[in-house]
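Novice: Below are the chains, spelled out letter by letter.
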Amino acid sequence: MDTYTFLIQLLNGIQYGLLLFLVASGLTLIFGIMGVINLSHGSFYMVGAYLAWSLSQHLGSFWIALPTGIVLSVALGMLLEWLFIKHLYRRDHLQQVLLTYGLILIFSELRSILWGDDVHSVAVPALLAGSIPLTEMLSYPVYRLWLSLVCVILAGLMYYLIQHTKLGMMIRAGASNREMTQSLGINIDVLYRSVFALGVALAAFAGMIAAPVSSVFPGMGNQVLIVCFVVVVIGGIGSVKGAMAAALLIGLVDTFGKVVEVEIGGLRILPELAGMSIYVFMAIVLLWRPEGLLVRRQH
Amino acid sequence: MSKRLLIIGLSIGAVLLVAFPLIGDRFYIQFVTRILIMAMFAGSLNLLVGYTGLVSLGHAAFFGIAGYILALYAPETHAAGFWSSLLLSVSGAAVMALIIGALVLRTSGIFFIMVTLAFAEMLFFVFHDTAIAGGSDGIYIHERPVLMIGSWQPLNFANPSHFYYLVLVFSIGVILFMRTVLRSPFGQVIAGIRVNEHRMRALGFHTFRYKLVCFVIAGAIAGLAGYLAAVQFGVVNPEMLGWHLSGSVLMMVILGGMGTLAGPVLGAFSMMFLEEIFQALTKHWQLLIGAVIVLVALFLPRGLAGLLAKFNISPAAAGQSRRAPPHADV
Amino acid sequence: MPMSDAMTNSGNTLETRALSRHFGGLSAVDRVSLKCRMGTVHAVIGPNGAGKSTLVNLLSSDLQPSEGQVFLDGDDITGLAPPQVSLLGVGRSYQKTNIFLPFTVFENCRIAAQSRLATSMRFFRTAHSYRSVSDAAMRAVEQVGLADRADEQVDSLSHGEQRQVEIAMTLATNPRVLLLDEPLAGMGAEESSQIIDLLRSLASNHAILLVEHDMDAVFSLADTLTVMVNGAVLESGSPDIVRASRAVQVAYLGEHGHE
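Residue numbers (my numbering), protein chains in the order written: chain A, 2 to 300; chain B, 266 to 595; chain C, 36 to 294.
Among these hints, one or two may not hold up.
Only pairs whose alpha carbons sit at most 16 Å apart, straight line, appear in this in silico EDC-like list of lysine to aspartate or glutamate [what the hints assert, rightly or not]:
{"#": "1", "chain 1": "C", "residue 1": "K70", "chain 2": "C", "residue 2": "D258"}
{"#": "2", "chain 1": "C", "residue 1": "K131", "chain 2": "C", "residue 2": "E217"}
{"#": "3", "chain 1": "A", "residue 1": "K87", "chain 2": "A", "residue 2": "D190"}
{"#": "4", "chain 1": "C", "residue 1": "K131", "chain 2": "C", "residue 2": "D190"}
{"#": "5", "chain 1": "B", "residue 1": "K548", "chain 2": "A", "residue 2": "E110"}
{"#": "6", "chain 1": "A", "residue 1": "K259", "chain 2": "B", "residue 2": "D394"}
{"#": "7", "chain 1": "B", "residue 1": "K548", "chain 2": "A", "residue 2": "D118"}
{"#": "8", "chain 1": "C", "residue 1": "K70", "chain 2": "C", "residue 2": "D111"}
{"#": "9", "chain 1": "C", "residue 1": "K70", "chain 2": "C", "residue 2": "D97"}
Restraint ranges, calculated between C-beta atoms of paired labels, are given here [unchecked claim]:
{"#": "10", "chain 1": "B", "residue 1": "F564", "chain 2": "A", "residue 2": "V143", "range": "44 to 54 Å"}
{"#": "11", "chain 1": "B", "residue 1": "Q544", "chain 2": "C", "residue 2": "S167", "range": "49 to 59 Å"}
{"#": "12", "chain 1": "C", "residue 1": "S167", "chain 2": "B", "residue 2": "V434", "range": "49 to 59 Å"}
{"#": "13", "chain 1": "C", "residue 1": "A153", "chain 2": "B", "residue 2": "L363", "range": "52 to 62 Å"}
Rather than coming from a laboratory, the hints here were simulated on the basis of the structure. If you're wondering where the values come from, they're calculated on a predicted model, not measured in any experiment. All residues carry an ideal CB built from backbone N, CA and C; glycine is no exception.
Just chain A, with the same shape it has in the complex:
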């Protein structure tokens, strides 16, 4: 692999990792704070992508579609929490798995009814079209750089929110002790609803901004969910920092897994198996440190 390809792939890997982080951080926050394993989290990513496609057609602009989509996904998150998720807080994992699995089926069929089963593409907004030269040899699509930048800003905001604000303090307290938080006079219902809506909005937003770089297709939610599970297994649950590190790692492993394989494709290794690199990576992590690669050891 030459330096040129390497740098491009490095940027692609980081960009994919950052996108994964947006989805995985919601998943890990919802589990870490509310103790709910949410299988339907990937559906929000899918819904986001379809929203971006559909709204930019109807409203005529990606830039109007984006904030509209965010408002809609926050509302969706609040509604879902109120209807279903709040009943799961004191239930065991099995019932959480079951209910959120049911939600996947519902979202998938609603998508099919509303938007059909076709694959779509969303045009890169004109403002961010084109590439910029990074070096003499190297140019990179502006949109992908913008996407990475937005993810980094959001990650920074989340870090600030959790570490340095009153809401973050409440979130951290809520994660450790529901009763204690309540006795401090914090309205736990509002807190949980906000966190869930935040998680939904993050996943949907990731889907929206990913839409112009990847196609919009029915199975995209489940695909991203499983990759996010790998991220959470490696990064440890409930930790936003761990999710960031693991997401970048997985983004790079996946991206380079595909490229490196093309190079040794001549050695008759099935090129299609490249998609498995992240699972092989997870298997190694489980063998080596089953409690998660980035979790501080207890003993």
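Add chains B and C to chain A, keeping to what the hints say.
Specialist: Just chains B and C, lined up with the frame of chain A:
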């Protein structure tokens, strides 16, 4: 009282199942065959979820892999032997369960759920993205395996009634096998692990080994079901390993009632009937299935068995190691 | 039976050397060295938070030590997994009742006794057909005085009775060394005196390490006493020596009065 009711119910059910091909038409014979196969599959998952407390979301991996082994092993031009192909498929599923189990059982709780799903999905991609076995379209089994005892062919699998009886015998065999295992010392250990794994370790049990063996047994039974499904349909595709199947079989276990032998059978019957009805109603039948799943999770966490127990007709009384609470006898 | 072998062993059955466990900057157990001999009761006392339970957890390998070693019959058993320690003949009970609530009293003890089969990877005979297991389980049930409640599900028992099940399970594994973490806590007077009698009768052919707050029980049972304060050993010796110790009176009995 409730035990006698149950025995009467079971006897009626058994007579109906045996006599069924004499009265049912071809479509229904094949439909009930499918249900029995799914009931076996759900029973194997119940061993993990209901009896050992291991919530696996990737159990279809073992169902599907056994089907693929049959498809890859069966020659195109003539039929494979039943016993050899069955042995190969089931042991293949068991080996796969040993490998995956050794990895996933290093985690627990929510991680276990995520990791089982991820590894099953990895197998899905192996068969979906590569040309090993026809990619996303799957692969045909041109000739059904032939069951021979010496030079005598007692059953012809192309005949739905014959195949039905084969599946019925296997289903009953699986239930009897599980019943025996659950009452054995091994069964006591997995029950102990479900309730309190920490104390089991303190008592001197290397719980990992028992969980792994349980995972392999469950994988092998799922493999048996997958093999039979592949024989019935004459085709295997990646959906057989997919997480929709894993989710739907988990639903059967919970709907019927976890930790009871009759539960998965009840769950498989109910789910398959619902699917059949919903499919006749609308193209978007999964919407209705999803709604039913959500409602069950919210209102029927103990499944139909739990509902029956409320009316004091408890399948748990059918000789489970778990005893009814003392006040139920009063 | 291995028991008679053990009786002839006059060595220090269970011994710790400079055993420590840190949690962050806090030393829950701080360089504790003690010996627990076959045929004796070694009581560990101290105020709440002195590190007594942590010590028991280190001995049973529920926790791994930060430093120091544990020896059983002279063999270093530090760092073994809990099942290995149990199979070597070290049985423990828990301060917080840690039993199988959906099982009956007998089934709780049977699963414990079953751990002494060479393997439980047995799939075809029913569990209740293993006579040696059932006998050992029933013996343990009788020892703690729950024979008439053997078939009751334990979550329907009183708290004190559940404490008895806790001890019965430990006994059903036929240990040589007993680690008992506050066995009398939560028991009524009658149940207590029954268990004290039981422990006295077990003392002749077991090494018993007893963590207990009931001072009457401790002084009537113990051959050796170790007083722990803030994770460290304050005093160790015969009951008379400990009773007479000025340091103990000031540090421990004084603090104890505030509880």
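Novice: Which of the listed hints are not met by the structure?
Specialist: Hints 9, 12, 13 are the ones this structure does not satisfy, whereas the remaining hints hold.
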